[in-house]
Structure formats: C-alpha cells, structure tokens
Amino acid sequence: MFLRNNLMNKFISIVLFCSVMLLCSCNYSPTTGFGHKKKTVTLAGSTSIMPFTEKLAEHFMVDHPEFVINVQGGGSTAGIQACLNKTIDIGMSSRELKQEETILNEILICHDGISVVVHPRNPVSALTLEQIRGIFSGHIRNWKELGWIDRKIDAVTREEGSGTRGSFEELVMKNEEIYDGIMVQDSNGSVKEVVATDPYAIGYISLGLVDNRVRALSIDGIYASVENIKTKKYKIVRPFLFLTYGDINDNVIIFINFVISKNGQNILKKEGLIGIL
Amino acid sequence: MIKKKFSKEHAVRWVLMLFALSSLLFLFLIFIFILFEGLPLFHKIGLKNIIFGFKWAPTKGSFGIFPMIVSSFLVTFGALVIGAPLGLSCAIYLSEYSGKRLKMFLKPALELLAGIPSVVYGFLGVVYIVPMVRNYFGGAGFSLLSTSIILGVMILPTIISISFDALMSVPRTYREGSFAMGATKWQTIFRVVVPSAKSGILASFILGMGRAIGETMAVIMVAGNALKIPTSILDPLRTLTGNIALELAYATGDHRQGLFSTGVVLLLIIMILNYIANFGIKRKVIK
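For the protein sequence lines, the chains are C and A, in the order given. Quick note on numbering that gives the first Met the number 0: the first sequence kicks off at 0 and runs consecutively. Quick note on numbering that gives the first Met the number 0: the second sequence kicks off at 0 and runs consecutively.
To be clear, the hints were calculated from the coordinates, so they are not data collected in a lab. Check the hints yourself; a few may be wrong.
Said to hold, decoys possible - Below, a list of computed lysine to any residue pairs in the SDA-like style, where the Cα atoms sit at most 25 Å apart: (1) C:Lys151 <-> A:Leu73; (2) A:Lys59 <-> C:Gly245; (3) A:Lys47 <-> C:Gly180; (4) C:Lys151 <-> A:Ser231; (5) C:Lys173 <-> A:Gly60; (6) A:Lys59 <-> C:Lys151; (7) A:Lys43 <-> A:Asp253; (8) C:Lys143 <-> C:His110.
Claimed, not checked - Quick list of the computed label-pair ranges, beta carbon to beta carbon: (9) A:Lys7 <-> C:Glu65: 55 to 65 Å; (10) C:Gln71 <-> A:Leu34: 46 to 56 Å; (11) A:Ala248 <-> C:Glu270: 30 to 40 Å; (12) C:Ile253 <-> A:Leu17: 53 to 63 Å; (13) C:Asn104 <-> A:Lys43: 43 to 53 Å; (14) C:Glu270 <-> A:Gly60: 29 to 39 Å; (15) C:Asn141 <-> A:Gln186: 32 to 42 Å; (16) C:Lys97 <-> A:Ala19: 26 to 36 Å; (17) C:Asn141 <-> A:Tyr173: 41 to 51 Å.
What you are looking at is a predicted structure, and each value in this text was computed from that prediction instead of being measured. Think of the CB as a built atom: it goes at the ideal place given N, C-alpha and C, for glycine as much as any other residue.
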C-alpha cells in the first residue's frame with residue numbers, strides 16, 4: 000500500500016508539474032498572453048543573415064518590449080518563396096533577386112564582402128580574379144604557378160547550397176564549376192580553421208570573420224576593406240536584403256526603420272558588415 | 000489474493016512486451032520515413048544515375064553518389080587495416096596472457112574508450128593527426144589516411160570486446176589438448192585457439208566495419224569532404240554519412256531528397272553488414 004501511495008504521489012506531482020509548465024508557456028506566448036496582444040514580426044531566409052538579424056531583433060526588443068521578432072533560417076531561396084506565399088512578414092536573401100522574383104520589394108540592409116584568405120605565413124599576397132577562378136576550378140593546383148614553392152594548393156570551398164558558396168560561384172567563378180577534388184567545409188568557421196592551420200590552404204569567408212589568424216588577399220590589386228567596398232572598388236560583395244511583398248503592416252515598418260536607422264546600422268557595423276549609411 | 004497477484008504479473012508481462020516491441024516500431028518507422036523521403040528521387044533520376052553517377056551537384060540536377068560509396072568503403076577498409084591487427088592482438092593478450100588484475104584494469108579502460116563521443120575523436124584528429132599527416136606525409140592532412148587512423152581507433156572497442164568473447168568461448172579442453180601434444184603457448188594460440196574462434200573474430204571485424212561506415216561527426220572533421228574519388232591515401236574524400244550531415248542545413252526540394260537517397264543507400268549497406276555479422280557468421284558457430 001505504501002508503495003502504491005508513493006507511486007500515486009509521484010504521478011500526481013508529474014501531472015501537476017506538466018500543467019504548471021503548460022500554463023507558464025501559455026503566459027509567454029505572444030498571442031494568448033494575459034493583457035494586451037504582442038506585436039509580432041516574422042522573418043525567414045538566408046542563414047548568413049540570420050545571426051545578424053537575431054542580434055538586431057535582440058536590441059530592438061529591448062527598446063520595444065511590446066514586440067516579438069521571430070527569426071528563422073531556411074536559406075535565401077526558401078525565404079523568398081515564403082515571402083511570395085505571404086507566410087512570413089519579411090524574407091531575408093543574401094543574393095540578388097532573379098527576374099521572376101523582382102515583384103518583391105527589396106530593402107538593402109547592408110553589404111557583406113567575401114574575402115579570399117590564406118595562412119599568415121603564405122608569402123602570396125595578391126592574386127587576380129582569373130587566378131582565383133583557376134584555383135577553384137582546378138586549373139591551377141600548385142603554388143609554384145603563383146610564384147611560391149612547389150607544393151600542392153589545399154583549396155577549401157563551402158558545401159553545395161550554402162549562400163556564401165552561391166555568391167562566390169556567381170561573383171568569382173562566373174560560368175566555371177568548382178572542381179570536385181577540393182576540400183569542402185560546412186561553415187565559415189571551419190573554412191577559417193582549415194586555412195588558419197594549413198600553411199598551403201586557400202579559402203573564402205565572410206569579411207567580418209577575417210582576423211589575424213588568416214590573411215586576406217588583395218584581388219586584382221584591391222584589398223577587401225570597408226572603404227574599398229563602399230567605393231565599389233572591391234567586387235566580391237553580396238547584398239543582404241530584406242524582402243516584403245504587397246502591403247505591409249506598421250509593425251514591419253517600425254522594425255525595418257530600426258534596422259536602417261543609425262542604431263541598427265551601428266550594430267551591423269560592429270559585426271563587421273558594411274552598412275548602407 | 001493469489002488471483003490478483005497473478006493478474007498483476009500478467010499485466011507487467013504485457014506492458015513490458017509492449018515496450019519491447021516499441022523498439023521494433025521505431026526501427027520500422029525510421030525505415031518507412033527514410034524510404035518515403037528517399038525513394039521518389041530514385042524514381043525521378045533513376046537508380047543508375049544515383050548509385051553509379053560520378054557527379055554530385057544537387058542544385059544543378061546531378062545526384063551521383065558513386066564516389067561517396069567508394070570513399071565510404073575506402074575509409075572503412077582503412078579503419079580495418081589499422082584497427083583489426085591492434086584489436087585482435089589486444090583481445091588475444093586479454094584472453095590468453097593477461098592476469099586477472101591487468102584484465103580488471105584493461106576492460107574498463109576499453110569501455111571508456113567506447114564511451115568517448117565521436118566529436119572528441121574528430122577534434123583530436125583535427126588538432127593532432129591532421130597536422131602530423133600534413134607535416135610528415137604531405138598533402139592537406141585532411142585525408143583518407145587521417146580518417147582511417149581516427150576510425151581505426153574508434154572501432155577498437157567493438158573489435159576487442161567481441162573477439163575477446165569469441166576467444167574466451169573456445170573450450171579449455173582445446174588448449175589442454177594442444178599443450179598435451181607438446182605445442183608451445185604461441186603455437187596453441189595461433190594454430191588452435193584463433194582458428195576455433197575465427198567466425199566470432201570475423202563477426203567483430205564486420206561489426207567494426209558497420210561502426211566505421213556509419214560514423215559521421217569525426218569523419219566530417221578530418222576527411223576534407225572533397226567530392227572526387229581519392230587517388231592516393233593523402234587525398235581528401237567524402238563519405239555517405241558526411242554528405243548527409245554536411246549539406247542538410249541548407250537543403251530543400253530535390254536536394255533534400257537526394258540526401259535521403261544517400262541515407263537509403265547507407266541504410267542498405269549497414270543492413271547487409273549486420274546481416275552478414277549476425278547470421279552468416281554466427282550460424283557457422285552453431286554448426
């Protein structure tokens with residue numbers, strides 16, 4: 000009997016616990032909460048923009064506690080589709096829109112440079128766009144061809160479907176395909192890790208992530224710097240876009256205004272992106 | 000009172016059976032789900048174009064995974080080359096030579112080795128094995144060789160524990176008979192004990208292969224993930240598991256289905272390996 004009581008007690012406490020949890024979660028949910036309704040803005044799309052949007056949303060929600068900003072990933076294409084279907088308020092895209100997608104309103108929030116990086120010990124400091132294309136398409140495979148020692152080039156690219164790879168293919172590779180034999184890593188971070196540890200490696204990462212563990216190359220004589228990107232000298236730059244479709248409500252306008260305001264742009268600048276102001 | 004207790008016993012039995020069957024249900028559901036997601040692409044692109052296709056560019060309509068199948072087998076073979084001799088020697092030492100005290104120390108150590116998460120192996124691989132291979136052998140370091148070394152260590156616990164059991168199950172009388180014929184200890188082990196435990200040892204190798212072919216995290220970190228079939232042991236390569244884990248984050252539509260198709264192929268390979276290990280070999284033991 001004692002045992003049964005004990006079990007019963009346990010059961011009751013579990014049920015109680017669950018219901019309390021449920022109640023709590025109801026409380027925090029934006030639409031069913033007690034008091035006034037919260038204003039929601041939903042964004043989805045490019046995983047390259049997502050972390051920056053999350054940061055923006057964090058700051059925004061501090062100043063505007065009545066807002067809830069939902070940020071989801073899914074990739075640029077998925078974001079554009081969701082925006083066309085009106086399932087989200089704002090789509091995020093890290094590539095230019097295609098012909099059939101131009102029906103969307105695009106708001107440029109900032110630019111991101113893609114820099115080609117090598118190990119700091121690598122003496123090669125300048126390459127032409129042509130040479131970079133040669134390396135990643137597999138035509139140039141030895142550092143000797145670029146004026147260094149006789150050693151294979153350990154090129155690193157991103158995986159199929161990545162936005163960074165998409166932009167790199169579009170801006171650098173043009174019509175050539177990336178060679179099958181070069182290494183593939185699944186994030187900006189791991190590409191950087193490979194390049195930082197392998198003296199013979201070359202890869203491409205978001206400009207914001209370049210630090211003293213890797214060295215950015217100048218391309219056609221121009222370094223990837225904020226200045227050069229602003230004056231449009233440096234060419235490997237992709238836009239970070241917010242997309243809306245049709246009529247938009249005031250909540251969305253307030254959030255977008257915050258993103259393109261001085262405060263919002265400063266947050267993006269601190270993350271290493273190139274603001275529009 | 001007795002009747003009540005009896006019915007309670009019954010209830011426990013049924014409840015336990017239900018739970019036991021639930022694991023079967025999960026297996027079944029996973030199967031259905033993977034086939035459901037992966038098969039449509041086989042229908043659309045064609046079995047031959049997927050399994051024997053050389054080009055993987057899912058966003059451009061090519062779904063060939065042949066290089067990955069080859070690479071998966073290459074790393075598995077490489078892992079066996081490194082893991083099998085080490086594991087078998089360890090098992091022989093444990094069962095034939097080591098004293099009780101050393102055994103008490105070695106066995107828990109092996110279990111600990113089995114319990115280390117694969118991401119830790121991968122991390123150690125990136126930090127130590129990859130630079131070592133790069134410096135002493137050349138190449139990028141992210142290679143078939145590094146992957147084989149890491150996987151070889153990872154399959155050690157599987158190989159050792161199963162072949163140890165197989166060696167221990169060889170009857171004492173075999174050994175005594177051999178000694179009585181005047182054979183030395185090594186002759187006994189090499190000519191009598193190991194051949195008698197042959198099928199169990201083979202099963203341990205095959206289960207080790209299953210572990211190696213299914214390993215993902217550590218492999219992604221050290222294999223380099225290039226799409227080509229490697230031409231030397233210093234070339235980077237991509238395995239089936241690596242392909243799924245690497246590209247899942249961004250995949251949509253056909254690309255996503257392509258990854259599930261990779262999963263179907265992987266599932267089939269692992270099923271065949273397990274079948275061989277469980278039935279093909281163990282049945283021989285019974286005979």
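Problem - Hints the structure fails to honour - result: Hints 2, 6, 8, 10, 11, 13, 15, 16, 17 contradicted; others consistent.
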